[in-house]
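Chemist: Here is what each chain is made of, one letter per residue.
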Amino acid sequence: MSRAFRITLLLLLLAVLAGLYELPGLRRQLVGSERQEQTEEQARREVIRAGSEGRQERKEMVAIFWLSEDDPRELAAVETSLELGTDPVERARVALETLITSAPTPEQRPLPLETTLLALYLLPDGTVVTDFSDALSHKIPSGIFTEQLAVDAIARTLHAAVPQARRLKILIAGQEVETLAGHVDLTGAFDLGAMTPAAPAAAMPAPAAAPSAPAQMGKPSTPEERKTPPTPKPRAGVR
Amino acid sequence: MPGERTARTAVAFGISVLLAALSAAQSSLPSQASPPQVGPASLPAPSTTQPAHTAQSVQAPIPAPVLVILDPAHGGTDSGAHGGPEEEGAVEKDLVLTIAQNMRREMERQGVRVVLTRQGDTAISLDDRAALANGIGSGFFVSLHIASTGARNTAQAYSFGTPLGAAPPVFPPRALRMEAVPWDNAQAGYVVPSRRLAELLQVELAQKLGGSPDVPQFAQVRQLRIVAHPAVAIELSRVGEENPGSLEKTAVPLANALLRAIAAYRQPVEGRP
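Chains as they are written, first to last, in numbering that gives the first Met the number 0: chain W, 0 to 238; chain X, 0 to 272.
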């Protein structure tokens with residue numbers, strides 16, 4: 000055996016020994032990493048479970064602004080028990096979908112029942128951008144008064160349900176439009192801070208018939224869901 | 000040189016053809032595209048005959064020439080409110096045009112100059128209507144609408160502002176010197192005058208059209224926002240009326256209510272210059 004061959008063989012032997020020495024450490028690292036992943040996944044599941052359990056328990060009374068039963072030319076705050084959660088976007092979505100679909104009577108709807116909330120965003124400056132289907136424009140009874148009532152109902156309901164909301168921007172089918180249906184200006188944003196705060200609501204027990212699963216954003220509610228309004232309690236007119 | 004003369008003749012002919020084409024193009028432009036002629040010569044002379052509706056005629060004297068810009072809403076493909084399903088029944092665009100034309104006749108009979116933002120069934124954008132109005136030095140802008148809901152033969156006046164519970168923003172009056180005003184804020188300098196006009200008008204409307212509310216409303220009407228005049232919208236109820244003729248009969252009372260409100264608006268107020 001030549002001298003060079005012996006040196007090469009020795010180096011290979013040393014490399015194998017070093018590898019054998021490192022193997023247990025690598026194995027420990029791999030096992031530890033798997034355990035950590037499991038722990039994080041478990042923690043995430045626990046947080047989600049806790050959140051959803053907490054949300055089920057977090058029904059709260061919130062004012063939804065439908066047309067007054069006594070005077071259809073006014074909005075009236077109706078205290079309604081809803082699962083709003085803590086996420087402001089989710090709160091806004093649930094409140095607005097309730098406004099559209101769950102009026103106590105058809106005559107008290109300020110927005111057409113065919114309206115769908117397509118998307119909703121909350122910007123860092125407190126602007127809530129709402130994107131409604133074009134049914135809001137096409138199905139609303141024509142007139143300055145009806146359009147202004149519709150915008151007021153959206154603005155007041157958002158103001159009551161989402162403390163972070165400062166301004167309201169309304170889009171129709173994803174587009175900025177000049178007017179809602181020929182009258183009320185939608186080119187700008189509505190200042191929710193300019194509204195008179197609603198009177199504090201009387202404490203009401205949570206009604207049993209409150210909707211537990213509001214319609215998903217972008218999907219119209221089923222007729223069955225629309226037939227089951229929450230059990231609201233009227234409050235003073237605000238217009 | 001014959002060639003040079005031919006070239007000169009050709010150039011002269013070309014220029015004359017160009018001038019003729021320009022002249023033809025100008026004459027074919029719609030009347031709304033150019034600022035309206037509001038001078039006395041361009042308006043029908045006030046009638047000197049005795050008023051036919053003595054009981055309804057305005058008694059309050061109007062101290063100086065008044066110009067009213069009447070805006071019949073909608074038009075063309077935008078029909079506004081419908082009196083029946085789809086295209087059946089009366090439509091808002093036709094009714095407001097008829098009412099505006101009758102109001103114009105009545106007001107001109109009483110010596111008031113009137114400009115309409117549309118003369119026929121044409122689609123005119125909100126910006127074009129405002130451009131027509133804003134090109135006029137001084138006047139009162141009144142946008143006419145008919146709702147599809149509400150108590151029959153009543154009228155509600157609106158001025159621009161937020162109805163959400165807060166007072167409208169108050170801006171200093173527009174200075175007399177020329178200055179640029181953002182289009183979307185054209186009404187900013189007129190929020191208070193418009194509100195005052197709406198209040199005076201609503202009082203008159205409540206008297207002349209029984210059942211109408213006593214107080215005007217604020218509304219964020221796009222058409223009012225971009226007008227640089229004291230501006231109000233009048234919304235009649237309702238286009239679903241079984242007898243549309245009864246709505247058309249409101250034109251004379253509306254004209255008189257408006258003129259009385261303008262006359263009261265122009266009265267000096269104690270403590271106001």
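Please note: incorrect hints may appear among the correct ones.
[Said to hold, decoys possible] Far from chain W by the CB rule (all over 12 Å, computed), these chain X residues:
#1 S78
#2 R194
#3 Q219
#4 R221
#5 R237
[To be verified] Which stretches of chain X does chain W cover? Using the computed rule of at least three CB atoms under 8 Å from a CB of chain W, they are:
#6 92-102
#7 109-119
#8 250-263
[Stated by the list, open to error] Ranges of calculated distance between the beta carbons of each label pair, as one might list FRET restraints:
#9 W:L122 - X:D213: 30 to 36 Å
#10 X:A179 - W:P123: 30 to 36 Å
#11 W:A118 - X:G244: 20 to 26 Å
These are computed hints drawn from the structure, not numbers from a lab.
Virtual Cβ for every residue (Gly too), placed ideally from N, Cα, C.
Chemist: To test your reading of the hints: which numbers does this structure violate?
Modeler: 1, 3, 4, 5, 6, 7, 8, 9, 11
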